[in-house]
Structures are given as structure tokens and as C-alpha cells.
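Just so you know, the sequences run in chain order A and B.
Going by my numbering, the residue at position 108 of the first sequence is 108; the numbering climbs one at a time, nothing skipped.
Going by my numbering, the residue at position 284 of the second sequence is 284; the numbering climbs one at a time, nothing skipped.
These are computed hints drawn from the structure, not numbers from a lab.
Since the model is a prediction, treat every value here as computed from it, not as a measurement.
One or more of the hints may lead you astray.
Straight-line C-alpha distance at most 16 Å; calculated EDC-like pairs for lysine to aspartate or glutamate [to be verified]:
no., chain 1, residue 1, chain 2, residue 2
1, A, K212, A, E113
2, B, K35, B, E17
3, A, K294, A, E128
4, B, K197, A, E128
5, A, K35, A, E224
6, A, K294, A, E113
7, B, K35, A, D74
8, B, K199, A, D160
9, A, K294, A, D27
10, A, K212, A, E224
11, B, K35, A, D27
12, A, K294, A, D74
To list a few chain A residues with every Cβ distance to chain B over 10 Å, as calculated [what the hints assert, rightly or not]:
no., residue
13, F30
14, S37
15, L42
16, D70
17, Q77
18, V79
19, G106
20, L130
21, S161
22, L244
23, E252
24, T267
25, P322
All residues carry an ideal CB built from backbone N, CA and C; glycine is no exception.
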Amino acid sequence: MTNQEPIVPQAATIISHPTRPKTSPGDAIFAAIAKSSGVFVLLLLGAIIVVLFLGGLQAFHAFGPGFLIDDDWDPVQDVYGAAVPIFGTVVTAVLALLLAVPLAFGIAFYLTEIAPVWFRRPVSTAIELLAAVPSIIYGMWGFFVVVPLMAQYIQPPIIDSLGDLPYIGSLFAGPPFGTGILTASLILAVMVIPFIAATMRDVFETVPPVFKESAYGLGCTTWEVMRSIVIPYTRVSVVGGIMLGLGRALGETMAVTFVIGNTNRITSSLFGPGNTIASLVALEFPESQAGTLKLSSLLALGFILFVISFIVLAISRLLLRPRLKT
Amino acid sequence: MSATMTSGTVPGPAKDERVSRSLGRRRNLSNIVIKTLCIIATVIGLALLASILFTLLYRGLGGLSLTVFTTSTLPPGSNGGLLNAIIGSLIQTVLGAAIGTPIGLMVGTYLAEYATGSVIGNAVRFVSDVLLSAPSILIGLFIYQLAVSPFGGFSGFAGCLALAVIVIPIVVRTTEDMLRLIPSTLREAVIGLGAPKWKMIVLVCYRAARQGIATGILLAVARIAGETAPLLFTSLGNLNWSLSLGKPMASLPVTIYQYAGSAFSDWVQLAWVGALLITFGVLAINIAARLLLRGAK
Numbered sequence: 001m002t003n004q005e006p007i008v009p010q011a012a013t014i015i016s017h018p019t020r021p022k023t024s025p026g027d028a029i030f031a032a033i034a035k036s037s038g039v040f041v042l043l044l045l046g047a048i049i050v051v052l053f054l055g056g057l058q059a060f061h062a063f064g065p066g067f068l069i070d071d072d073w074d075p076v077q078d079v080y081g082a083a084v085p086i087f088g089t090v091v092t093a094v095l096a097l098l099l100a101v102p103l104a105f106g107i108a109f110y111l112t113e114i115a116p117v118w119f120r121r122p123v124s125t126a127i128e129l130l131a132a133v134p135s136i137i138y139g140m141w142g143f144f145v146v147v148p149l150m151a152q153y154i155q156p157p158i159i160d161s162l163g164d165l166p167y168i169g170s171l172f173a174g175p176p177f178g179t180g181i182l183t184a185s186l187i188l189a190v191m192v193i194p195f196i197a198a199t200m201r202d203v204f205e206t207v208p209p210v211f212k213e214s215a216y217g218l219g220c221t222t223w224e225v226m227r228s229i230v231i232p233y234t235r236v237s238v239v240g241g242i243m244l245g246l247g248r249a250l251g252e253t254m255a256v257t258f259v260i261g262n263t264n265r266i267t268s269s270l271f272g273p274g275n276t277i278a279s280l281v282a283l284e285f286p287e288s289q290a291g292t293l294k295l296s297s298l299l300a301l302g303f304i305l306f307v308i309s310f311i312v313l314a315i316s317r318l319l320l321r322p323r324l325k326t
Numbered sequence: 001m002s003a004t005m006t007s008g009t010v011p012g013p014a015k016d017e018r019v020s021r022s023l024g025r026r027r028n029l030s031n032i033v034i035k036t037l038c039i040i041a042t043v044i045g046l047a048l049l050a051s052i053l054f055t056l057l058y059r060g061l062g063g064l065s066l067t068v069f070t071t072s073t074l075p076p077g078s079n080g081g082l083l084n085a086i087i088g089s090l091i092q093t094v095l096g097a098a099i100g101t102p103i104g105l106m107v108g109t110y111l112a113e114y115a116t117g118s119v120i121g122n123a124v125r126f127v128s129d130v131l132l133s134a135p136s137i138l139i140g141l142f143i144y145q146l147a148v149s150p151f152g153g154f155s156g157f158a159g160c161l162a163l164a165v166i167v168i169p170i171v172v173r174t175t176e177d178m179l180r181l182i183p184s185t186l187r188e189a190v191i192g193l194g195a196p197k198w199k200m201i202v203l204v205c206y207r208a209a210r211q212g213i214a215t216g217i218l219l220a221v222a223r224i225a226g227e228t229a230p231l232l233f234t235s236l237g238n239l240n241w242s243l244s245l246g247k248p249m250a251s252l253p254v255t256i257y258q259y260a261g262s263a264f265s266d267w268v269q270l271a272w273v274g275a276l277l278i279t280f281g282v283l284a285i286n287i288a289a290r291l292l293l294r295g296a297k
């Protein structure tokens with residue numbers, strides 16, 4: 001009896017209390033905090049979409065689907081349409097990509113295959129620092145450096161030589177103010193180059209060295225290895241990187257506001273002024289009273305911009321995920 | 001005879017030396033041309049950075065003086081400084097980071113330690129990545145609708161909230177990446193000693209990943225220190241001295257925006273000084289973050 005007594009409670013403790021309690025209260029609390037933080041991020045995105053949509057509801061009601069294709073922006077008569085800023089946003093972003101992608105590809109190619117190994121890190125860092133420069137600095141640099149350059153040295157000769165040609169002439173017509181769609185695209189291109197270049201570099205580095213070595217062993221030149229091995233292997237992710245740049249370019253605000261000329265008009269000329277959703281919102285917002293149709297229209301524009309960039313960024317993620325495991 | 005001998009010893013179709021030599025020349029030439037173009041592209045990229053930095057130094061250094069740091073913004077012509085903007089930026093950046101970092105840290109922890117392979121986890125990761133590149137001006141509009149419009153006025157606190165929303169996805173990304181670098185044997189050892197999971201995460205994983213996590217926070221600070229667009233609609237900017245979080249608050253980027261577009265030469269000069277300060281501050285933080293990460297690896 002006396003021998004059994006200590007054994008029974010011991011056995012009982014072992015059964016009711018395993019070596020470590022399965023559900024420590026600390027664990028449960030910590031897991032709950034972590035999970036609710038995760039859910040909070042989901043709610044945050046949902047809240048942004050809902051809040052912008054509700055804010056724009058008044059404008060959507062007043063103008064209907066015509067809001068998307070109406071090119072009026074007339075605060076005097078209280079008529080607003082989104083066509084011009086949507087046009088400006090898409091055109092500047094796409095032009096920026098046309099300028100940025102070749103340069104970014106060149107930089108990524110240089111950094112992964114051409115540059116001496118000791119030189120890669122400093123150059124990589126310098127290019128990435130380009131992405132860290134605040135947007136407003138690009139705006140000032142664009143306004144005080146690029147705009148005068150465009151107005152004096154670049155636009156006049158182009159207008160003189162190409163402006164009179166049939167068909168494409170109208171693209172290069174108009175007075176050389178220096179500001180305008182093309183200048184905005186140039187600044188945007190500079191701003192997205194580091195993003196695209198860094199993604200392409202990371203993606204190129206995922207190509208197994210054996211593939212490249214085999215190609216070199218067969219006598220391929222560096223460019224042939226790039227063209228026939230690296231690019232086919234990484235094609236999808238490269239497109240993902242470009243989409244990432246597009247997503248960035250669509251929403252840029254301050255830099256564009258400085259140099260685009262801010263006119264609510266669709267011009268055929270690349271040198272003509274225009275606006276984008278972001279620049280219009282930044283400029284018109286301070287002059288809009290709460291509760292007015294104008295403010296609601298600006299929020300509706302914000303909603304449209306969010307939907308566009310969400311789609312672009314989502315595609316970019318889906319294309320990049322398999323390669324970069326993010 | 002000798003020709004048939006060589007073609008006999010080398011397997012494969014017959015080779016015409018002339019053709020292969022000109023083909024080789026062409027391949028070499030295109031290789032050199034493209035390599036040169038790539039070098040030019042890189043030089044252009046570096047030249048752009050140099051041009052921006054040079055412009056800032058050239059236009060900003062001249063106006064840099066002690067008054068900039070000791071005087072608040074004043075009307076044009078009265079020798080004002082940027083003190084209120086600098087202090088306002090510091091307050092909003094620090095508070096924004098202080099609000100956003102814990103949330104980002106917990107989300108990153110959730111993704112790395114709890115949600116491997118789960119549907120919600122993948123959704124959170126996806127949404128966080130999208131928010132990472134979402135236009136910052138829309139975050140400003142969002143906070144305006146949420147924290148400015150219902151409470152009847154622009155406030156420094158709303159600015160902090162907007163910046164915090166930008167901080168979260170940056171911290172999430174680096175925290176998750178850094179926690180994933182920790183070998184699972186380390187986790188198993190801690191669990192094997194009988195520690196609960198939360199102690200494993202807080203005492204061991206965070207400690208092992210602290211340099212990487214700190215890098216993420218620094219990068220987030222660098223990012224929000226230069227943000228202008230979200231502050232335009234939240235803390236608005238304030239040309240008077242004010243430390244109240246309930247009132248509009250000045251910040252360096254917004255002041256630069258207001259001054260750079262003005263017609264007064266001394267305001268434009270101050271805008272350049274502010275631009276110089278903010279850019280070199282942001283780049284210095286970025287480089288520090290990189291050095292920290294290099295030390296960690």
C-alpha cells in the first residue's frame with residue numbers, strides 16, 4: 001500500500017500533464033495575435049477598396065459608367081470625367097516602360113554576366129539607391145534639370161525635323177515647353193529602372209550555372225547564352241518584373257505632378273501637356289470641399305487607380321512567384 | 001586528299017572554313033555590340049544617380065546654414081529655416097514606424113512560423129506584396145476618409161497612420177524572409193528542450209534574425225521619411241510651429257513641395273536645402289541597412 005501510493009499519483013500526473021502542456025496559454029495568445037495580425041492585413045486591403053469605392057459612390061451615381069469615358073473636368077459646372085487622367089496614366093506608364101525596359105535589361109545583363117565579380121556589388125547598390133531616392137526629389141530634378149534640357153536641346157530639333165512628317169508628325173508637334181507627357185515618361189522611366197533591373201538580376205541569377213556552362217562549353221558567346229538559355233528559362237519572371245515596374249509607374253504622384261504640365265486635355269503630341277490620376281488628385285484635392293461632387297470624383301479616380309494597379313501588381317506577383325519563391 | 005582526311009577524322013557534316021569564319025565574326029561582333037550597349041545602359045543608370053546627387057549638392061549646399069536648423073518656416077524674404085518641418089518629419093516618421101513595425105513584425109512571424117502552406121497565409125502574403133507597391137497617394141486618400149474627414153480636420157496623427165500603413169508590408173517582407181533563413185534544427189532544439197513555441201519565436205528566432213529585422217525597419221523608415229503624397233491629405237503641412245498631433249503638422253517633403261513650386265527665390269533655395277537633407281538622410285539610412293544586413297549574413 002505504501003509502495004503503491006507514490007506510483008499512482010505519479011502515473012496520474014503523467015497522464016493528465018504530459019511532459020509539456022499541449023496548449024500553453026502563452027502559445028495560444030501569441031498564435032492568436034500573429035493570426036489576427038495576418039487577418040488585419042487582409043482587412044486593410046479590403047478597407048482601402050471599400051472606403052475608396054464608398055467615397056466615389058456619389059460620383060459613380062451622378063455620372064454612371066460614362067464617368068470612365070467622359071473627358072470633361074469642369075469644376076465650374078460640376079461635371080467630371082475620368083477619361084483624360086486614365087489616358088494620361090496609361091500612356092505615361094507604358095511609354096516609361098518602353099524607355100526603361102531596354103535599359104533595365106542592359107543593366108541586369110551587365111550585372112549578372114559581363115561585369116567583373118568584385119564590381120557587381122557596388123554597381124548593384126548604386127542602382128538600388130536610385131530606387132531609394134524620394135519621389136519628390138525626382139520631381140524637382142525633373143523640373144529644374146530635365147525640363148530645361150528638353151525645352152532647349154531635345155524638343156526643338158525633333159519638332160523641326162519630325163513635326164512636319166505625315167502621320168507621325170502630330171506626335172511631335174506643338175511648342176517646346178519642356179514639360180508634357182514625354183518628359184513625365186522619362187522621369188517615370190528613371191524611377192522604375194532600378195525596380196525592373198533588380199528583379200531581372202535576381203531572376204537571372206536563378207538560372208542553374210550548369211545550363212550556362214554547358215552552353216559556354218558548346219562555344220556560345222555571352223549574348224548567345226543570354227538569348228538562348230537565360231531568357232527562355234526566365235521569360236515568365238522577366239515579364240513579372242516588368243509588370244512590377246508598370247505597377248510602380250501607374251501610381252507615381254509627386255514626380256509626375258512637377259513635369260506633366262497638368263492640363264485636362266488629351267493631346268496627340270508627346271510634347272503636349274496632360275495629367276494622370278495621381279497628379280490630378282494631388283493637385284485638385286486641396287481645392288475640394290468635403291462632401292462635394294468634386295471630392296467624390298477624386299475618390300472615384302482613386303478607386304479606379306487602385307483597381308488598375310491591383311490587377312497589374314497581382315499579375316506581376318503571380319508571374320514572379322514560382323521563380324523567386326516569394 | 002588531305003581535305004578528305006580531315007573531314008574523315010572530324011565527325012559531322014563537311015565544314016567550309018570561309019563560311020564558319022565569317023559566321024564566327026558575325027557572332028563575335030553581335031556579342032561585342034550588345035555587351036557595349038549593356039555597359040552603356042549601366043553607365044546611364046549610374047550617371048542618372050550622379051546627376052541627381054550632383055544637382056542636390058550644387059543647388060542645396062549654398063543655402064545650407066545653421067539658420068535652417070534653428071528657425072521655423074517664415075514668410076518669404078525673412079530668412080526662415082526648416083526647423084518645424086524637420087521636427088515634424090522626425091515625429092511622424094518615428095511614430096509611423098512605431099505603429100507599423102509591431103503589426104508588420106507579427107504578420108511576418110505569422111507567415112514564417114504559423115502559416116506555411118495555409119490558404120490564409122498565402123492570401124496574406126499576396127496582399128502584403130500588393131500593398132508594398134500600391135500607390136502611396138491612395139493610402140493618403142484612404143486615411144483621409146478614415147481619420148481626417150470624420151474628425152473634422154487634418155492632423156499629424158493621421159499622417160502617422162498613413163505612414164504606418166506603408167511601413168507594414170515592408171516589415172512583413174523582411175521579417176518573413178529573415179525568419180525563413182533560420183535553420184529548422186535550431187527551432188527543433190528549442191522545442192526539444194521543452195520551451196513553448198512563443199518562447200522559441202521571441203527568445204531564439206527573433207534574436208537570430210534581429211539584424212535582418214532591423215534592416216527591414218530601417219528600410220521602412222527610409223521609405224516613409226521621403227513620402228509626400230500620403231501626407232498631403234493627412235497631416236497637410238503647417239507653416240507655423242506646432243508639435244500637436246491633433247493639428248496639421250509640417251513635414252520636410254510637403255514643405256519642399258510647397259516651396260519648390262513657389263515664386264520666391266529664397267523659398268526655392270530652402271526647398272533645395274530640404275531636398276538635400278532628406279535625400280542624403282534617406283540614402284545614408286539605406287546604406288546603413290545594407291551594411292547591417294551584410295554583417296548579419
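Results of checking the hints against the structure:
no., hint, verdict
1, A:K212 with A:E113, "holds (10 Å)"
2, B:K35 with B:E17, "violated (27 Å)"
3, A:K294 with A:E128, "violated (39 Å)"
4, B:K197 with A:E128, "violated (37 Å)"
5, A:K35 with A:E224, "violated (49 Å)"
6, A:K294 with A:E113, "violated (53 Å)"
7, B:K35 with A:D74, "violated (52 Å)"
8, B:K199 with A:D160, "violated (72 Å)"
9, A:K294 with A:D27, "violated (51 Å)"
10, A:K212 with A:E224, "holds (10 Å)"
11, B:K35 with A:D27, "violated (56 Å)"
12, A:K294 with A:D74, "holds (9 Å)"
13, F30, "violated (4 Å)"
14, S37, "violated (4 Å)"
15, L42, "violated (6 Å)"
16, D70, "holds (21 Å)"
17, Q77, "holds (24 Å)"
18, V79, "holds (21 Å)"
19, G106, "violated (3 Å)"
20, L130, "violated (5 Å)"
21, S161, "holds (23 Å)"
22, L244, "violated (7 Å)"
23, E252, "violated (8 Å)"
24, T267, "holds (23 Å)"
25, P322, "holds (13 Å)"
Violation of the numbered hints given earlier is confined to hints 2, 3, 4, 5, 6, 7, 8, 9, 11, 13, 14, 15, 19, 20, 22, 23; the remaining hints are satisfied by the structure.
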